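There are 2 protein chains.
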Amino acid sequence: MADTITTRAKDFPEWYQDVIRAADLAEPAIVVKGAMVIKPNGYAIWEKIQRELDNRFKATGHKNAYFPMFIPESFLKKEAEHVEGFSPELAVVTIGGGKELEERYVVRPTSETIIGHFFNKWIKTHRDLPMLINQWANVVRWELRTRMFLRTSEFLWQEGHTAHATHDEALAEVLRMLDVYADFAENVMAMPVIRGEKTMNEKFAGALKSYCIEGLMQNGWALQAGTSHDLGQNFGKAFDVKFQNLAGQSEYVWQTSWGVSTRLIGGLIMTHSDDAGLVCPPKLAPYHVVIIPIFKTPEEKAATSAVGAKLAEDLKAKGLSVVFDDRDDRPGSKYFEWERKGACCRVEIGPKDLEKKSYAFKRRDVEKKEFAPLDGAVAHITGQMEQMQKDLFNKAKAFRDASTKQVDSWDAFKAMHEGPGGFASCHWCGDGKCEAQVKEETKVTIRCIPLGNPKESGACIKCGRPSAQRVLFARAY
Amino acid sequence: MADTITTRAKDFPEWYQDVIRAADLAEPAIVVKGAMVIKPNGYAIWEKIQRELDNRFKATGHKNAYFPMFIPESFLKKEAEHVEGFSPELAVVTIGGGKELEERYVVRPTSETIIGHFFNKWIKTHRDLPMLINQWANVVRWELRTRMFLRTSEFLWQEGHTAHATHDEALAEVLRMLDVYADFAENVMAMPVIRGEKTMNEKFAGALKSYCIEGLMQNGWALQAGTSHDLGQNFGKAFDVKFQNLAGQSEYVWQTSWGVSTRLIGGLIMTHSDDAGLVCPPKLAPYHVVIIPIFKTPEEKAATSAVGAKLAEDLKAKGLSVVFDDRDDRPGSKYFEWERKGACCRVEIGPKDLEKKSYAFKRRDVEKKEFAPLDGAVAHITGQMEQMQKDLFNKAKAFRDASTKQVDSWDAFKAMHEGPGGFASCHWCGDGKCEAQVKEETKVTIRCIPLGNPKESGACIKCGRPSAQRVLFARAY
Chain A
18 MADTITTRAK DFPEWYQDVI RAADLAEPAI VVKGAMVIKP NGYAIWEKIQ
68 RELDNRFKAT GHKNAYFPMF IPESFLKKEA EHVEGFSPEL AVVTIGGGKE
118 LEERYVVRPT SETIIGHFFN KWIKTHRDLP MLINQWANVV RWELRTRMFL
168 RTSEFLWQEG HTAHATHDEA LAEVLRMLDV YADFAENVMA MPVIRGEKTM
218 NEKFAGALKS YCIEGLMQNG WALQAGTSHD LGQNFGKAFD VKFQNLAGQS
268 EYVWQTSWGV STRLIGGLIM THSDDAGLVC PPKLAPYHVV IIPIFKTPEE
318 KAATSAVGAK LAEDLKAKGL SVVFDDRDDR PGSKYFEWER KGACCRVEIG
368 PKDLEKKSYA FKRRDVEKKE FAPLDGAVAH ITGQMEQMQK DLFNKAKAFR
418 DASTKQVDSW DAFKAMHEGP GGFASCHWCG DGKCEAQVKE ETKVTIRCIP
468 LGNPKESGAC IKCGRPSAQR VLFARAY
Chain B
18 MADTITTRAK DFPEWYQDVI RAADLAEPAI VVKGAMVIKP NGYAIWEKIQ
68 RELDNRFKAT GHKNAYFPMF IPESFLKKEA EHVEGFSPEL AVVTIGGGKE
118 LEERYVVRPT SETIIGHFFN KWIKTHRDLP MLINQWANVV RWELRTRMFL
168 RTSEFLWQEG HTAHATHDEA LAEVLRMLDV YADFAENVMA MPVIRGEKTM
218 NEKFAGALKS YCIEGLMQNG WALQAGTSHD LGQNFGKAFD VKFQNLAGQS
268 EYVWQTSWGV STRLIGGLIM THSDDAGLVC PPKLAPYHVV IIPIFKTPEE
318 KAATSAVGAK LAEDLKAKGL SVVFDDRDDR PGSKYFEWER KGACCRVEIG
368 PKDLEKKSYA FKRRDVEKKE FAPLDGAVAH ITGQMEQMQK DLFNKAKAFR
418 DASTKQVDSW DAFKAMHEGP GGFASCHWCG DGKCEAQVKE ETKVTIRCIP
468 LGNPKESGAC IKCGRPSAQR VLFARAY
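From first to last, the protein sequence lines are chains A and B.
Heads up: the first sequence runs through residues 18 to 494, numbered per the numbering used here.
Heads up: the second sequence runs through residues 18 to 494, numbered per the numbering used here.
Don't read these hints as lab results, they were simulated from the structure.
Nothing here was measured: the structure is a model prediction, and the numbers come from that model.
Not one of these hints is a red herring.
Heads up, the list lumps identical chains together, so a pair's fine if it works in one copy or across two of them.
Quick list of in silico lysine-lysine cross-link-like pairs, DSSO-like style, CA-CA up to 30 angstroms: (1) Lys116 - Lys220; (2) Lys335 - Lys318; (3) Lys414 - Lys27; (4) Lys220 - Lys80; (5) Lys351 - Lys75; (6) Lys95 - Lys116; (7) Lys65 - Lys80; (8) Lys379 - Lys80; (9) Lys116 - Lys94; (10) Lys300 - Lys80; (11) Lys80 - Lys327.
Using the sequences and the hints, build the whole thing.
Okay, here's the thing in structure tokens:
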């Protein structure tokens with residue numbers, strides 16, 4: 018049946034699609050290869066993500082700007098590794114205004130090149146640095162295998178691009194923004210993340226080093242939720258972005274870039290949701306409270322609605338998003354609908370509740386329905402929203418911690434990833450070929466070398482050669 | 018000299034470009050035909066425009082969503098007039114992931130077609146109506162002649178798309194959103210506008226009727242600042258969007274679309290700015306107050322800065338955007354810079370001001386500098402910001418009213434448009450050929466038939482045939 022949600026245990030990818038459909042978040046475009054429509058319920062989450070991140074970007078001194086979406090094809094070729102990484106994924110505009118174009122444009126897959134071109138014009142001396150720019154935009158990457166939110170041919174994102182006078186300053190920026198992402202993931206999305214460094218095989222095409230935050234989904238797969246890149250002077254050299262330093266000498270700038278995308282919504286779904294539908298932390302939820310009057314007669318409807326509507330107004334005044342659902346429909350089907358859509362909690366007010374001056378309260382993430390006095394309802398419900406935000410994080414963190422294991426034998430490694438998955442903390446020799454072999458045999462990749470990783474001698478999980486530290490392996494989206 | 022601003026009297030188009038450069042709002046991309054970069058100062062204005070409009074859209078029941086930017090080429094052909102209007106302006110993607118595409122995609126010039134495709138899937142019965150959607154997005158129209166903000170190959174905009182059960186409801190929506198635009202233009206942009214109906218020659222390709230708001234720029238040219246379209250059942254038929262009505266019959270939906278774009282920033286500049294640079298109404302200004310301590314010695318700097326920094330904090334606490342500019346630079350060059358950038362007012366605090374417990378205050382749109390007591394500065398400055406918002410509107414309205422003339426002879430008509438320009442309120446026979454002839458001879462077009470236009474008998478300004486009403490003619494961007 019099109020309207021049921023497959024259980025996670027039965028088929029996790031199917032469950033994921035079902036939740037998106039049941040919560041009316043998005044749908045595949047079909048007529049546009051690999052693209053999707055973000056429907057109002059999904060876009061409302063994206064707007065809240067944007068608002069939270071944008072405030073953090075501004076608080077750390079960044080300013081928003083907007084650059085052309087079309088990039089001359091020749092620009093990509095200026096940075097050798099960059100073009101190699103992105104050329105298989107490009108959409109190319111060859112016709113404009115009815116005519117074949119002399120120079121073809123690619124639709125931006127990311128904007129380092131076009132922004133490098135403008136940094137060249139804008140940056141002259143050390144007084145122009147640091148230059149701290151962010152852009153909210155759509156980008157296109159022609160992917161063969163797409164999954165809603167996680168990997169689509171067109172997606173929405175933000176991309177920070179900064180230029181600095183020294184490598185130290187650039188690196189400080191890279192880590193500052195990684196911290197901003199981690200803070201956002203944990204305190205807003207309620208999704209615990211590991212901060213780490215990517216291996217050379219997994220870094221951004223054109224970066225010296227890439228850093229990431231990695232979350233763990235309920236199926237034991239990891240999700241790269243945000244990246245922050247130390248671009249070194251690679252794009253500075255490619256686009257001749259030089260500044261005069263304090264000593265009057267001309268130097269290339271040091272650049273960074275960092276981004277998160279609508280992929281975060283996929284991470285949000287796979288971190289918290291359950292077999293009944295979407296579960297959303299209050300800080301990003303489109304619906305905090307649904308108030309449902311229970312009635313059989315018009316008189317009962319009038320009496321319960323009056324109390325419900327008043328409570329709705331009081332909760333809205335506290336900044337909560339409230340739906341007062343007095344449709345003439347069975348309460349059960351309303352409960353079902355709002356659970357699927359991820360409303361954080363539901364309040365039921367029936368004639369008996371009025372007699373007792375109480376209401377029924379059901380939090381989306383708590384099994385049991387409870388009864389509470391109407392007097393003090395606003396404080397109780399707002400308090401519950403704060404508690405839910407914390408509880409969801411703690412629950413996800415407990416799962417992540419329980420799913421993170423030190424693994425020291427290849428058999429145990431294979432068994433873990435053929436089984437429940439999770440983060441395997443393993444010794445690794447540091448050789449990219451060894452890493453590639455693991456990927457080929459098991460599809461498992463090194464998610465990151467955690468920041469502040471303790472040094473520890475050991476033997477590489479794959480080849481047995483000496484290793485100086487453990488790294489995190491997992492299957493990943 | 019690259020750094021001077023041409024006067025409006027000398028060369029208005031040059032002045033316009035100079036103000037954009039001097040206020041650091043944007044620059045032409047050059048390497049991408051007809052495109053521009055919106056720089057942080059310009060984008061800050063766009064963000065405020067977005068916030069104000071988005072609040073109004075939500076307050077009138079609309080929800081944001083996001084649709085694919087690529088549209089199958091065949092979709093445009095489903096509505097005959099639509100494809101005819103837009104095909105000369107299309108950018109076409111023919112290559113994806115290294116391969117020639119089987120079906121080519123156009124980059125959206127507007128989204129009626131792709132949204133029509135999804136409305137077909139989403140709308141089944143009268144209970145799904147009205148469907149009230151808005152999208153914030155970039156669009157591409159391959160224009161031959163481009164001008165920054167006013168007409169660029171890629172631009173940012175919002176496009177509302179709604180579907181209704183009856184034509185009356187759709188028309189009410191069209192006029193409701195026109196009112197939202199007019200309210201925003203007048204009360205936020207401080208730009209007086211005329212609401213009206215477009216002639217058949219000037220309407221949107223695919224609409225039954227188009228409505229618009231028209232502003233008048235300082236050079237006597239009109240600017241179409243927003244449009245709202247009654248699409249009738251044209252797209253409903255093209256995409257087979259039907260619903261079951263209350264009687265159980267299947268009917269095509271009635272649709273509307275409405276949009277405003279980054280063009281508004283061009284209108285903002287040309288309505289208020291002067292020969293010294295940008296003038297921006299407080300509700301959209303990136304900088305409200307610039308506080309400049311005046312000093313010669315370190316002791317003076319410390320004393321004036323202490324008072325200035327404290328005032329800055331107090332003003333920020335009132336929600337104003339404040340720059341405390343204590344750079345070691347000549348005050349005169351700071352005044353010059355902030356005037357160009359459109360800071361709404363400037364506060365100077367020097368050693369003598371401290372003695373007198375006063376400060377110097379200069380509003381961007383008022384010639385004279387005044388002195389006011391430091392005690393009560395916050396109330397005075399916030400009050401001045403409110404007054405400035407009103408004064409800018411009144412000044413623009415006085416100019417618009419003085420530039421709007423009843424014209425009843427062809428000679429006077431030509432003289433007006435060879436001279437100062439403005440809105441010419443003239444009789445028109447209603448014949449599109451006559452309208453086209455006026456345009457060919459003078460480049461002047463009918464901007465609109467004002468809403469609530471009084472009926473009045475007269476003779477067409479061009480052909481002399483009988484006319485039932487006056488319409489507004491002007492040169493336009």
